[in-house]
Amino acid sequence: MAKQEPQRAAVLQGTLDMLILRTLLYGHAHGHEIGKHIQRTTNDFLQMQHGSLYPALHRLERQGWVTSRWETAPDRNRQFKYYRLTEKGKKQLVIEESRWKQMAEAVARVMWPAVEES
Amino acid sequence: MKWWQIKKRDADLEREMRSDLDLEEEEQRERGVPPDEARYAARRAFGNTTLIREQTHEAWGWAAFERFLQDIRYALRRMRKSPGFTTVAVLTLALAIGANSSVFSVLNAIVLRPLEFRNANRLVEITSLKGGKPVGTSPPDVKDFAAESRSFEKMAVYDEWTKNVSASTGGEHAEELMVGLAPRELFEAIGVQPLLGRLFTEDEGIAGRNHVTLIGESFWRTRFQRDPKVLGRTLTVNDQPYTIVGVIPDAIPGWINAGYNQLRPVALWEPFLPAPEVWSEQSRGGRGYGTIGLLKPGVTIAQAQADLARIIKNLAATYPVDRDMGVEVIPLENMRSGDLKPMLLLLMGAVGLILLIAWSNLGALLLARNITRQREFAVRKALGAGRVALLRQTLAEMLVLAAMGIGLGLAMAWGTTRALRMSDPGHLPQLLALTLDWRVVVFTLVAGTATCLFLGLAPALVSTRVEAAGVLKEGARSSAAASRQGFRKILVTTQIALSLMLLVGASLLIQTLEQLENQDLGFRSDHLVHGRLYLPPTQYPTPESIDEFSDRLTERLRALPGVRAVSITEIYPPSDRWREMFSIEGRPISRLEDIPSTVFGVVDANYLRTTGIALVRGRDFSESDRERTLPVAIVNQAFVKQFFPDEDPIGRRIEVGAPRRLLADDEWMGSERRTVNIVGVMRDNRDQGLALPVAPQLIGLFRQMPPPVNSGFKDLLVRSDIAPEALETSIETQLNALDPRVPLSEAETMTAYLGELTTVQRSTSVILACFAGLGLSLAVIGIYGVIAYLVAQRTQEIGIRLALGAPRSAVVWLVSSQGLRMALAGVAVGLVGTILAARGLTGLLYGISPLDLLTLGSASVGLIAIALMACALPALRAAKIDPMHALRTE
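Residue numbers (my numbering), protein chains in the order written: chain H, 1 to 118; chain C, 119 to 1008.
Honestly, the hints are just simulated from the structure, not real lab data. Please note that a few of the clues may not be correct.
[To be verified] Pairs of lysine-lysine, DSSO-like flavour, derived with a Cα cap of 30 angstroms:
1) K36/H - K125/C
2) K36/H - K126/C
3) K459/C - K248/C
4) K88/H - K251/C
[What the hints assert, rightly or not] Residues from chain C that keep clear of chain H, each with C-beta distances beyond 12 angstroms, as calculated:
5) L131
6) L169
7) G326
8) L433
9) A434
10) V564
11) L780
12) P824
The C-beta atom is built at its ideal place from N, Cα and C for all residues, glycine as well.
Start from the sequences and build out the full structure, keeping to the hints where you can.
Here it is in structure tokens:
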């Protein structure tokens, strides 16, 4: 079993959850679509393997923030597992978003104090 | 999600990942990537599938459990791969656990389990003591105890009789059953509520109003099919009508009246002896009744004991018969274990030794296994397995082992207790309550699991601390391995010591049994049938009618083919509990305490001929000794030795019964006395049971004795030329033809009866012998294992010795001397243990000392010989080592 640095994983995990939830705000999507969307939106800045989405998706589902269902894709004639945001998930997204904002601001205050003063 | 859905979830995840990969591949192809490359590109974009799957499983929250299942599967696979180890380990554990829980169950049922009465811890049995021996109580004493004591809430005197009971009013189909006689207070003290009807009232204890009965639940079920309208119906008990007034649960077990050794449970109850004379002053010396007391809350046994001792002392000042009498208060639960307790404790001790042997064996086995697995552990560690992972796997293996051993052990215990309960509840009614108690199961689970975890993990902790590089370089010949071998030797030595103790114990008990069974009983026990008769006084009211019945029955039975002699008697060897005071003419006695007593009994003229007791001097009883002729008696050699050491006893006159001047009311003779003439001396025969020395005995003829002694309770003895079992039916037929209302009960051969007397000793010896065998085989396996291992370790060294010219016999000696050393040490320790345990054994043995030199010696020598035999195989294998081969392989 390969090991990840726990600290980094935690940060990434938290962020990934938020990104997934935000992506699903547009409507239901399957894993591949979510991965592709995040990648495209960040202009391939977040280079990630789609595989790493699955543990996160299943964890979100266990928390009850998303639900899943096998559905036929409109453009391809076969089934994919589609994820949908729940009401609980929407609330969670708000929480995570504000937490992220606070964090980013805090980091920014430390990193660029001069900018803040001027 | 639940854990049993994991498989389904996993398939779902697989499909999801597959669909993603396929889509990625398609998109890559659509972008113009060649198909082969598209697949790899998709994989690259997706990531490590195995890892993702594992992480997703973690997200489900059942990962730890899945790992555990995996460990169990791995453990099972490993165990399948070494069936020898698994079988031995599981069987060792199962045998130890099975034997322990069985013996513990019996101990629990008979000694430990609290009584199932409401006031169990306040209930006591009260008995008077004569010369330190319990003799039961007398109703007048109990009346005074109850009136003057300050420690008791309730006290009830009771009795039990075998009576002819018939469910019909006419008395047909009578059956001999145990009938209890008890006042209302007995049921109240024990806390028995009637299922139907009511308990006895106060005035039902008065003669004339006493014809009421409480029937037990099982009697209600078997005779009346639990008919709720049974109240008011009439039973016939010894030809008297009794009206059913209530049904009580069978809550009063048969052992409650163990003082009489009448262990059959009581079928129905009548009010306690309404006969007024039982309560009269003359009956104060008539002891032999049971008494149950309910202590006031907070009163201790010692306080109650002191209280009653004070009362009996005061009584002795007024009543001479109470002089020198003691009194004892016994917790009721002690009555349940009776004389079985020492044997049970012995067995529990033995089974504890077995457990120790099994533990040490299992420990040695696991130790050896972990040593051989060191290499495997090292390899796995080198491949990246953490110490925790290795421990977890060992743990799983131990748990699987424990589960199998415990399961099998419990199954064995369940089977044993069931078999015991079914086997012979008649003689040991305590066993009716024998079940595999939940406490036993919990004890077993905890003990078994703890054993496995301790024995498995301790060596595992050591062996998982391996330095991968070190072990892989050196092989298994590290110095640590050698020191662990030292630990194994200690374990084996312990096993031999414990086996020796078991062997000596079993051997002593078997010799005891042999002594009991093969001793000269003084009579011929083969070809002899015994049965009991009861002639109800309504039909046989006078001594003459009893004599006449006896003569006619004797005549009929003697005519049966194969019958050689018939005797109707009130006693029979080897145990007569009847003792009688007497005085010898010409030897006046002035004090009550000086009255001699003897084992006494009344018989008919054919008694000696039928039992095969030899006449030593004088003459036998004869048919011409009739009611009106001179009363005659025969004494045994012990009687002559004690009372006529230098005189000729023949012709001496003896008054049976206490001298009237000193004690007007004799226990058995009442106010009657009879003077008999000694006409003969018979050979000593067992009269106090198998294990006690022959006491002085005097026998007379019942037809020459007054009514209280010539009673309706008779025993029948028939000596035959043919197999005695065949006679039982024809005897019954003849009895029926003579009087159908007199049933024959407890008919059995003397051989079978003697067998019953030694049941406890026999079963204990058998069990102990099995334990000794078990311990011995475990020890042999242990020795063999250690020696074989040593030989394997020293192959190279032995090869060098042989190559340098050592004779093969020297090699054999080199190897066996190791075993011999362990055996000698074990025997030495075992002998010390035996000597320490000897005191506990003394009371259980007969005719042999617990430190019998021959037994100790032969057990020691035998054990050493067996140990050497266990060494022989590896020793011979060592001697056959080919030096060249041995030197090359390493």
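Against the earlier hints, flag every one the structure doesn't satisfy and list their numbers going up.
4, 5, 6
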